[in-house]
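Trainee: Chains as they are written, first to last, in my numbering: chain A, 1 to 169; chain B, 1001 to 1295.
Everything labelled a hint here was simulated from the structure, so no lab data went into it.
One thing to keep in mind: the hints can contain errors.
Quick list of in silico lysine to any residue cross-link-like pairs, SDA-like style, CA-CA up to 20 angstroms [stated by the list, open to error]:
#1 B:Lys1285 with A:Arg17
#2 B:Lys1285 with A:His161
#3 B:Lys1285 with B:Val1272
#4 B:Lys1285 with A:Arg45
#5 B:Lys1285 with B:Gly1263
#6 B:Lys1285 with A:Ile44
#7 B:Lys1216 with B:Gly1172
#8 B:Lys1285 with B:Val1270
#9 B:Lys1216 with B:Asp1258
Read off the chains here:
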Amino acid sequence: MRVDARERAYVEFVTARQTHLRRIAYAICGDWGRADDVLQAALIRLYVAWPRVQRMGVEDAYVRRLVVRANVDEHRRPWRREGPGQDGPDRPVGDRDRTDRTDPTERTALFEDLQALPAMQRKTVVLRHWLGLSVEETAEELGISTGSVQSHSSRALAALHVAPSRETR
Amino acid sequence: MTTDLQERLDASFDEGPPHRPVEERLAAGRRAVRRRRGTATIGAAVALAVLAVGPVLLRPAAGGGGGIELPLPLPTPTTTAAPTPVHLLTAPARFVHADTPPVLYLYGRMFRRDRDVTVLATYGEIDVARHPQGGAIVRIGSQTRWVLVVGNEPERLDEQREAPYDYQAFMGWARAEFAVMSGRLALAATAPGPYSPPLSDNESPAGYDGDLLVAKPGGSVVQRIRHPVVDELAVLSCHDQAVRVRTPGGDWFVLGYDCPEQGALYSERVGVRADTLSSWLVQVKRVQDEFELMT
Chain A
1 MRVDARERAY VEFVTARQTH LRRIAYAICG DWGRADDVLQ AALIRLYVAW PRVQRMGVED
61 AYVRRLVVRA NVDEHRRPWR REGPGQDGPD RPVGDRDRTD RTDPTERTAL FEDLQALPAM
121 QRKTVVLRHW LGLSVEETAE ELGISTGSVQ SHSSRALAAL HVAPSRETR
Chain B
1001 MTTDLQERLD ASFDEGPPHR PVEERLAAGR RAVRRRRGTA TIGAAVALAV LAVGPVLLRP
1061 AAGGGGGIEL PLPLPTPTTT AAPTPVHLLT APARFVHADT PPVLYLYGRM FRRDRDVTVL
1121 ATYGEIDVAR HPQGGAIVRI GSQTRWVLVV GNEPERLDEQ REAPYDYQAF MGWARAEFAV
1181 MSGRLALAAT APGPYSPPLS DNESPAGYDG DLLVAKPGGS VVQRIRHPVV DELAVLSCHD
1241 QAVRVRTPGG DWFVLGYDCP EQGALYSERV GVRADTLSSW LVQVKRVQDE FELMT
């Protein structure tokens, strides 16, 4: 692939997708500065890997995985897989009145509730319930079993005071 | 309910502050590529990209290419029109052995093996400096062959198949195979000790059974790591895993990627680079991080 064509395609992708991808990072880390750094690091790697990633048509998924795992990497040593209790105990989320979800301040409260979740639960919610990945895709993305995804999902939804839906594909 | 939650989550925060200029992102990417390429020239050997889905940087052959750094660009790929012979220099006889493919790289430049080889078309990744990988459609007697080569002699990996002249199909095959070949060669070329060619999938002591990497008959998996950290650059839907396989002839590490359109195994004897699967993967990852380049 010629450099000019490669850069054109890369810029086109970044321009179109960076807002969405940074929102993913933000939903996971809760800080715009950190989210921007994480995205920048991921986009650099994307640039390096662009020919093969574009060839496979998985640009979005590639960056998303790097974004999700950028945070994972801070907390996990290489080769270490998820084990029981790795997230630590569930922390209580904010105790707020949940009667009016259309109120703008309530939206912020939901986001803050999301941030109060343990990391894996938070990521599960982001991938599974916001981005709409299947249980299997979420498991693949996080490098955990489908059972763990369902467990994280169930606990997270309970903490967010959301009734769980059927956890199927 | 899920849809409701999806909508509420989507509305729970805005789009954030303005983005940094895209030029800045582009420049950072370019710098990363330059750093990696620069690192690669310092010494070591080979780039190991993402193994199954990534390409690599090949070092000049030990002792053979010393002092010669940059490959010359390949001849421009021919079109899909009727084949017109491409002129390639004939390799010096001292570089030609029984297993030498019809085309080969010396000092980063493609040669034909001997005068019996007629080169009908060539294809090269000319965007990738210093790590030659290319291929050719050749005719030898009445037979037409597709040939791919990665690396300078003697650290070379090649693949061949008998096939009619079809340049577009050949290029498609080449693009897919280069990633696997270069990753595989990288692993072999960065191993301590004398260079020995990497194992093919058929030669590997492990293979995929569905999504699971299993030992071939006569061996057994004694350790398995799913989604090893080297999968960081892998893509979704790749069944990446690493195993230690015990065979009557000794233990092997095998790293496998089984992706939708590609898959490959990377096999190495235990003890060559590391004694444990985890430490072997760390070494593989280090090579990947230090030398990754793109096609």
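Trainee: Now tell me if each hint is right for this structure.
Mentor: Now the hints, each set against the structure:
1. B:Lys1285 with A:Arg17: Not OK: B:Lys1285 and A:Arg17 at ~28 angstroms, beyond 20 angstroms, violated.
2. B:Lys1285 with A:His161: violated, 42 angstroms
3. B:Lys1285 with B:Val1272: holds, 16 angstroms
4. B:Lys1285 with A:Arg45: Judged against 20 angstroms, a Cα distance of about 15 angstroms means the pair holds.
5. B:Lys1285 with B:Gly1263: holds, 18 angstroms
6. B:Lys1285 with A:Ile44: Between B:Lys1285 and A:Ile44 the Cα gap is close to 18 angstroms, so the pair holds against 20 angstroms.
7. B:Lys1216 with B:Gly1172: Since the Cα atoms of B:Lys1216 and B:Gly1172 sit roughly 30 angstroms apart, the hinted pair is violated (cutoff 20 angstroms).
8. B:Lys1285 with B:Val1270: holds, 16 angstroms
9. B:Lys1216 with B:Asp1258: holds, 16 angstroms
Figure legend: structure checked against the earlier numbered hints; hints not met, in rising order: 1, 2, 7.
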